[in-house]
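Novice: The primary structure of each chain is shown beneath.
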Amino acid sequence: MAEVDIRNVSKSYSHRRGAKEVLRNINLAVQDGEFVSLVGRSGCGKTTLLRIAGGFVRADAGSVIVNANQVREPGPDRGMLFQHPMLFPWLTVLDNTLFGPRAEGTCTRQTKERALELLRLVGLEGFELHFPKQLSGGMMHRAAFARVMITKPKVLLMDEPFGALDALTRVGMQQFLLELWDRQRFTVMLVTHDVEEAVLLSDRVAIMAAGPGEIVETVAIPLGRPRTYDLCETAEFVALKRHVRQAVERTRSGSAVVGGRRPEAAE
Amino acid sequence: MANPTGSSLQDVSSTPRPAAPSRMPGSAVGRFGAIGVPVLRRFAAIDWSRVVMGLIGVLGIIIIWWIAALIISDNVILPSPADTGRTLLHYLSHPYPARGDTLPGNMAASLSRILVGFAWGAVAGTMLGAIMSAVRPLRLIVDPLIELGRPLPPLAFIPLLIVWFGIGELPKVLLIGIGVIPIMVVSVVAALDAVPEEYIEAARSLGASRRYALFHVRIRAALPAIITGLRLAMGVSWTSIVAVEMIAATNGLGYVILEASNYLITPLIFSGIVLIAVVALILDALLRIVQRLVAPMG
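Note that the protein sequences, when read in sequence, are chains A and B.
The numbering of the first sequence is the working numbering, which starts it at 1 and goes up by one.
The numbering of the second sequence is the working numbering, which starts it at 1 and goes up by one.
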């Protein structure tokens, strides 16, 4: 059975002048340990779909099943990573990592050992007692990974997690994510508008079209693992990337994109 | 687990600034006992250049005051800093007026009014602000009232409060609260509104309940800005108390200043002003220490 099962999900937002249909009848199954990306133009509803899976937005129709439970509200079985790391600035890196277990009241000495191990895994050994402001952008993102992984989520939901990083750090984070994923094989749903990122990281890429948002094509990425960034220069990769890019370009541009404002991010 | 990420990752995602030493000897788990270390680090960051520049400013004012006093050479118009200091020292142990209280006694009277008035005003204002931030209809009702009342100087209420409550402690304490509440409401609402929704979402997806996210994230994240509100409110408290003590009181620093002015004892006026400045500075410093504790590296 699929780890994440999105069934017939539809969503509209009502405005003063009627409703805008954001998602129409979306179906997507993500298998255990599978890395799936959602790509599409701004306004295609990909972020809304991720937020429905996260439990932050309620679907008008349809359901999202994660690990045999229907999603009703946010929960630690679905780890969320945002464009910004959203580390709590008043907590040290270690205390940030321990936030989830403490909130659930399950923080033991073993949890703390695990937090230190995770911080070592993400390359933050020696920075446990630093505050987020003392870290670089890439380090903050890696701390956010440690924080979300400590609750052992069934699936990681990432909303353009590296979108705000500079190009070099971004490549570093993609490399980091590839290595981490090779080691742990967690289930991932990643929203991005970077076609290269989607093809490099994913097992499958779902291409979404706007107005109303639907999945128009799902492309399997049969590239071997482990992968490194060098893969981007192989002919096989370039062909897949071209295929996905052209599929995205064929979609209608988001009708609701006014003045560069993304309606899905506006709510 | 041996460091499996390898060095390449750290190389790519830019090295951090060389920060305060956090690498401590001993086992990793042993570090949990060391909560004192980050606390100490928060206070270690005294910016000495700021302290020195601040002192230069204060000394500069005193020197200008002194020169002006020498030129004017009239103790009633402008007493010198030395005169003021002598008078201040004298009345630390002698009552003024003769049947009244010493300066420390009057200071204590003002301070206790401030603390009581500030405390109830801050609690009421903070709670009202918090509820307004959470309950939108209430906010729509109370907001215009606050906006209407905010430009009114609290001093405008003094005659009314005297008519209603006489000249005891109650009207004074009420007046301070009236000045504090709108400031706290405005700053608490703004502070809570400014907390990014993604903090709450991150907390909720890490397993926090709504309640836990409210107290440990939303309110916690708003604390530094709320304390800024407290500092502003503390300033207004002093304005209110000195004014009300000048109109309806038989003790307190405001009363002493007015009495000294009636009898042209200008050095005592200056002494009162200096005392108010010093006490207000100390109270603000205490709030700043709290602010620093809740906003490490802020």
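Note that these hints are calculated values from the structure, not bench results.
From the three backbone atoms N, C-alpha and C, an ideal C-beta is built for every residue, glycine too.
Take the hints with a grain of salt, since some may be wrong.
Derived list of chain B stretches under chain A, where covered just means 3 residues or more per stretch with a C-beta under 8 Å from a C-beta of chain A [to be verified]:
#, region
1, 116 to 130
2, 142 to 148
To list a few chain B residues with every Cβ distance to chain A over 10 Å, as calculated [unchecked claim]:
#, residue
3, L223
4, T228
5, R231
6, I289
7, V294
8, A295
What follows is a set of in silico ranges between Cβ atoms, one per label pair, in the way DEER data are often shown [as the list claims (entries may be wrong)]:
#, chain 1, residue 1, chain 2, residue 2, range
9, A, C232, B, V123, 46 to 52 Å
10, B, A190, A, D182, 54 to 60 Å
11, A, D166, B, A277, 46 to 52 Å
Novice: Among the hints numbered above, which are violated by the structure, and what are their numbers in rising order?
Specialist: Going through the list in order, the structure violates hints 1, 2, 3, 7, 8, 9, 10 and respects the others.
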